[in-house]
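Engineer: Chains as they are written, first to last, in my numbering: chain A, 282 to 395; chain B, 73 to 185.
For the record, the hints were derived by calculation from the structure and aren't laboratory data.
Backbone N, C-alpha and C define an ideal beta-carbon position, used for all residues, glycine too.
Some hints could be false.
Claimed, not checked - Facing chain A, from chain B, some residues (calculated, C-beta under 7 Å):
#1 Tyr-97
#2 Asn-104
#3 Tyr-111
#4 Leu-116
#5 Leu-118
#6 Tyr-122
#7 Pro-151
#8 Thr-158
#9 Gly-176
#10 Thr-177
#11 Arg-180
#12 Gln-182
As the list claims (entries may be wrong) - Negatives, chain B to chain A, calculated, CB over 10 Å:
#13 Val-76
#14 Glu-87
#15 Tyr-99
#16 Gln-114
#17 His-115
#18 Gln-117
#19 Lys-121
#20 Gly-134
#21 Lys-141
#22 Lys-143
#23 Ala-164
#24 Leu-173
#25 Thr-174
What the hints assert, rightly or not - Away from chain B, derived, C-beta distances all over 10 Å, residues of chain A:
#26 Glu-295
#27 Lys-298
#28 Glu-325
#29 Gly-340
#30 Leu-341
#31 Asn-343
#32 Arg-345
#33 Arg-350
#34 Asp-367
#35 Leu-372
#36 Ser-381
#37 Thr-393
Residues per chain, in single letters:
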Amino acid sequence: GAGVSQTPSNKVTEKGKYVELRCDPISGHTALYWYRQSLGQGPEFLIYFQGTGAADDSGLPNDRFFAVRPEGSVSTLKIQRTERGDSAVYLCASSFDGGSNEQYFGPGTRLTVT
Amino acid sequence: AQSVSQHNHHVILSEAASLELGCNYSYGGTVNLFWYVQYPGQHLQLLLKYFSGDPLVKGIKGFEAEFIKSKFSFNLRKPSVQWSDTAEYFCAVEPGTASKLTFGTGTRLQVTL
């Protein structure tokens, strides 16, 4: 079956602009995760959804970052007033039911803020 | 907060050499442990995982890892590497009470012919 998909694959934006990054999880997966991977680092947790609600948003770095999952499937990560330090690969993962189930990762969106 | 250390940042091996990549974590409670691999141009995929039971776990492509609770370690091993094992390897920890992974900084493995 289809894996996790993310669009766009690359996004270049100017400092101060608003961006939206989209994640399409594996069908039937109720848990969805966003991670951010900076150059030379491992992925860093941002937020976890169980269904439509954010079960854990402790990794969001500040209030410029927000994510939604209105129908419990597709999720959008929104970044306001982008800064150069936001440049990274944003990864989405989904799992069957959260908990200890395996997380399946998408290919990521490479965000570059100029 | 938990943390994960991968001490080897870049490893170069010849084909058929044995591999051991170190992973140590800091967390006092029950954990689930993972090794993920990222081949060039591909996305992260799971190599193996430990939740409970036998501390020696076997994964795909001949990889195995051993959980040593007293050392807070989960080292990855393979007896004989292949050129196709060239990739970046990430160790990750998930607290038993939370659904989120904490990753190490990764180890880049380069296998030469």
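Engineer: Take the hints in turn and mark each one as holding or not.
Structural biologist: Hints versus structure:
no.: 1; hint: Tyr-97; result: violated, 12 Å
no.: 2; hint: Asn-104; result: holds, 5 Å
no.: 3; hint: Tyr-111; result: violated, 12 Å
no.: 4; hint: Leu-116; result: holds, 4 Å
no.: 5; hint: Leu-118; result: holds, 6 Å
no.: 6; hint: Tyr-122; result: violated, 11 Å
no.: 7; hint: Pro-151; result: violated, 25 Å
no.: 8; hint: Thr-158; result: violated, 18 Å
no.: 9; hint: Gly-176; result: holds, 5 Å
no.: 10; hint: Thr-177; result: holds, 5 Å
no.: 11; hint: Arg-180; result: violated, 10 Å
no.: 12; hint: Gln-182; result: violated, 16 Å
no.: 13; hint: Val-76; result: violated, 7 Å
no.: 14; hint: Glu-87; result: holds, 26 Å
no.: 15; hint: Tyr-99; result: holds, 14 Å
no.: 16; hint: Gln-114; result: violated, 8 Å
no.: 17; hint: His-115; result: violated, 5 Å
no.: 18; hint: Gln-117; result: violated, 7 Å
no.: 19; hint: Lys-121; result: violated, 7 Å
no.: 20; hint: Gly-134; result: holds, 19 Å
no.: 21; hint: Lys-141; result: holds, 17 Å
no.: 22; hint: Lys-143; result: holds, 21 Å
no.: 23; hint: Ala-164; result: violated, 8 Å
no.: 24; hint: Leu-173; result: violated, 6 Å
no.: 25; hint: Thr-174; result: violated, 7 Å
no.: 26; hint: Glu-295; result: holds, 28 Å
no.: 27; hint: Lys-298; result: holds, 26 Å
no.: 28; hint: Glu-325; result: violated, 7 Å
no.: 29; hint: Gly-340; result: violated, 7 Å
no.: 30; hint: Leu-341; result: holds, 12 Å
no.: 31; hint: Asn-343; result: holds, 17 Å
no.: 32; hint: Arg-345; result: holds, 20 Å
no.: 33; hint: Arg-350; result: holds, 14 Å
no.: 34; hint: Asp-367; result: holds, 19 Å
no.: 35; hint: Leu-372; result: violated, 7 Å
no.: 36; hint: Ser-381; result: violated, 5 Å
no.: 37; hint: Thr-393; result: holds, 18 Å
The structure shown violates the earlier hints numbered 1, 3, 6, 7, 8, 11, 12, 13, 16, 17, 18, 19, 23, 24, 25, 28, 29, 35 and 36.
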